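Asker: The whole structure should be built from the sequences, with the hints applied where relevant.
Now for the letters of each chain:
There are 2 protein chains.
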Amino acid sequence: MLQEPTEFEDSMSSESRLFGAIEAGGTKFVCAIGDESGTIHEELRFPTADPASTLAQACAFLKDRGGDPLRAIGAACFGPVILDRRSPHYGFIGKTPKIGWNNVDIAGLLSREFSCPIGFDTDVNAAALAEQGWGAGRDIDNLVYLTVGTGIGGGVIVGGLPVHGLMHPEIGHVYPRRHPLDVNFAGICPFHGDCLEGLASGPAIVARAGSDLAHLDPAHVQWELQADYLGQLCAQLVLTVSPQRIIIGGGVMSQDRLFPLVRQRMQHWLAGYVDRPEILGADRYLVPPALGAQSGVLGALKLAVSAARGA
Amino acid sequence: MLQEPTEFEDSMSSESRLFGAIEAGGTKFVCAIGDESGTIHEELRFPTADPASTLAQACAFLKDRGGDPLRAIGAACFGPVILDRRSPHYGFIGKTPKIGWNNVDIAGLLSREFSCPIGFDTDVNAAALAEQGWGAGRDIDNLVYLTVGTGIGGGVIVGGLPVHGLMHPEIGHVYPRRHPLDVNFAGICPFHGDCLEGLASGPAIVARAGSDLAHLDPAHVQWELQADYLGQLCAQLVLTVSPQRIIIGGGVMSQDRLFPLVRQRMQHWLAGYVDRPEILGADRYLVPPALGAQSGVLGALKLAVSAARGA
Chain A
15 MLQEPTEFED SMSSESRLFG AIEAGGTKFV CAIGDESGTI HEELRFPTAD PASTLAQACA
75 FLKDRGGDPL RAIGAACFGP VILDRRSPHY GFIGKTPKIG WNNVDIAGLL SREFSCPIGF
135 DTDVNAAALA EQGWGAGRDI DNLVYLTVGT GIGGGVIVGG LPVHGLMHPE IGHVYPRRHP
195 LDVNFAGICP FHGDCLEGLA SGPAIVARAG SDLAHLDPAH VQWELQADYL GQLCAQLVLT
255 VSPQRIIIGG GVMSQDRLFP LVRQRMQHWL AGYVDRPEIL GADRYLVPPA LGAQSGVLGA
315 LKLAVSAARG A
Chain B
15 MLQEPTEFED SMSSESRLFG AIEAGGTKFV CAIGDESGTI HEELRFPTAD PASTLAQACA
75 FLKDRGGDPL RAIGAACFGP VILDRRSPHY GFIGKTPKIG WNNVDIAGLL SREFSCPIGF
135 DTDVNAAALA EQGWGAGRDI DNLVYLTVGT GIGGGVIVGG LPVHGLMHPE IGHVYPRRHP
195 LDVNFAGICP FHGDCLEGLA SGPAIVARAG SDLAHLDPAH VQWELQADYL GQLCAQLVLT
255 VSPQRIIIGG GVMSQDRLFP LVRQRMQHWL AGYVDRPEIL GADRYLVPPA LGAQSGVLGA
315 LKLAVSAARG A
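Respectively, the protein sequence lines represent chains A and B.
Heads up: the first sequence is residues 15 to 325, going by the numbering used here.
Heads up: the second sequence is residues 15 to 325, going by the numbering used here.
Warning: the hint list may mix true and false statements.
Copies of the same chain look alike in the list, so a pair counts if it works inside one copy or between any two.
[What the hints assert, rightly or not] Below, a list of computed lysine to aspartate or glutamate pairs in the DMTMM-like style, where the Cα atoms sit at most 20 Å apart:
| no. | residue 1 | residue 2 |
| --- | --- | --- |
| 1 | K42 | D196 |
| 2 | K77 | D226 |
| 3 | K112 | D64 |
| 4 | K112 | D297 |
| 5 | K109 | D289 |
| 6 | K109 | E292 |
| 7 | K77 | E292 |
| 8 | K112 | D289 |
| 9 | K109 | D64 |
| 10 | K109 | D231 |
Bear in mind the hints are in silico, worked out from the structure with no lab data behind them.
Since we're looking at a predicted model, the values are computed, not measured.
Answerer: Printed below as a string of structure tokens:
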């Protein structure tokens with residue numbers, strides 16, 4: 015969706031048409047200028063360093079607009095983050111293992127630097143909103159977006175809005191049942207050992223099998239384990255938040271052949287209890303993202319659009 | 015909350031002040047007339063028989079109002095139910111093992127018999143709404159209501175509204191990890207064997223331990239198993255829907271000493287990952303219902319009040 019603005023669009027530019035987007039990731043920042051249609055006009059990517067210099071670089075990019083103020087800015091941030099608007103720490107990053115980033119006030123900094131409304135949410139809630147608005151979840155009010163890569167995370171949309179509550183979903187840390195062919199691996203999550211992230215994230219696969227999925231024979235047991243753990247997660251989600259669709263992205267899921275395997279295992283664990291046609295013919299239920307690597311920054315753009323509307 | 019109307023209240027009665035409520039349970043129906051404050055003026059309980067005679071009895075009670083029409087009626091129904099308003103089967107009971115009740119059109123029947131708005135939801139979503147409005151979840155927008163008795167069910171409120179989505183939550187059928195002291199019991203769920211309902215419902219306890227909790231010594235291993243399975247469930251819910259409070263009712267939970275044990279096990283499974291004070295001092299986080307056995311019929315009343323407001 016990265017496009018050069020056309021001459022027509024350029025002539026239409028006005029202060030009320032452009033939004034700022036910041037995807038604040040643990041390893042890289044993606045900053046962009048975009049519009050309400052989900053079109054990105056400019057984009058800048060750079061590695062995440064210390065908070066002061068990283069955030070200064072993001073602000074400098076967003077300010078360099080030739081005098082056009084932005085209508086709103088959205089920040090989609092690695093977690094945990096504080097989303098309770100009644101908290102004095104609203105808009106902060108919470109207790110993170112990422113050195114230097116504990117208790118950094120992201121939304122507050124943006125509010126001080128810019129006079130426009132600021133949207134703020136987790137990277138995965140934002141990606142879920144982007145997929146709902148412009149991607150694989152169009153016209154669906156209840157969906158889950160999962161990413162399976164360096165870690166495992168999930169955003170949840172219920173009734174069209176991202177789930178916050180006490181904090182926000184941390185789906186990667188639920189405990190699947192151990193597969194009978196996976197009894198010796200302890201898992202790699204520093205908090206939980208063998209929670210889902212500890213068993214089925216990219217680094218967990220490498221720790222157990224000595225290689226990532228792309229380099230493992232399709233007959234290797236790792237494929238079966240991976241499909242089973244993710245299928246269990248999807249079944250749990252169906253029973254808990256009843257999404258109308260589950261979108262799974264992230265580096266591990268770039269192995270397309272995982273999808274039919276995960277669908278099978280989801281159905282195995284549901285055991286016919288949820289006999290909806292959407293589940294039984296799950297090809298359209300459990301799908302890859304449509305926005306790919308852009309889902310994060312487009313999620314930030316979506317947060318900006320929502321913030322401009324006062325949501 | 016069952017009260018005789020005072021003379022003053024009685025003289026205030028008008029067609030716009032009273033609501034009808036039907037708690038449609040698998041073993042009994044509770045029908046009531048109540049008002050917006052959660053006060054029940056009249057109540058009738060009777061065993062659930064075949065759909066035609068049972069629903070006729072419910073309608074007769076609600077019609078016997080001396081000519082005062084009801085402002086709205088709410089039906090809180092055992093599941094599964096169809097909540098998708100775009101479905102031709104909206105308001106129906108789905109595929110239930112309860113003989114004769116498959117595909118019964120509850121909301122449609124009420125719409126034909128009464129001219130007022132009809133609210134319809136699962137019994138547990140309704141109980142969650144009642145606890146939120148008048149009970150242990152006052153002023154909280156995100157909560158889970160669990161009932162642990164003959165079965166295990168859960169209602170989920172996100173952003174003030176009950177979760178529907180593809181269907182509705184069926185929390186009783188998630189799979190906890192098996193406790194190391196519980197390896198031989200196969201579980202009793204006809205669909206899943208050893209899902210949560212199969213391991214930790216009232217009948218599961220009796221099947222495993224030969225007695226209900228009330229008759230087991232506090233040192234009996236069953237207490238530990240029960241606390242562990244429910245603690246796992248609560249941890250999973252924290253990580254998935256991030257409730258601000260979890261309310262647990264039902265016959266099994268009438269054993270008060272379960273609460274501190276379940277809180278401990280929830281914290282064990284979260285392993286410090288969610289370091290919110292609400293979780294760490296969980297006495298006010300994981301609580302019994304305030305409405306007790308009335309939560310179902312008050313839930314139906316709440317559905318009626320919402321329906322009158324067009325929600």
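Asker: Among all the numbered hints in the text so far, which are the ones the structure does not match?
Answerer: 1, 2, 4, 7, 10
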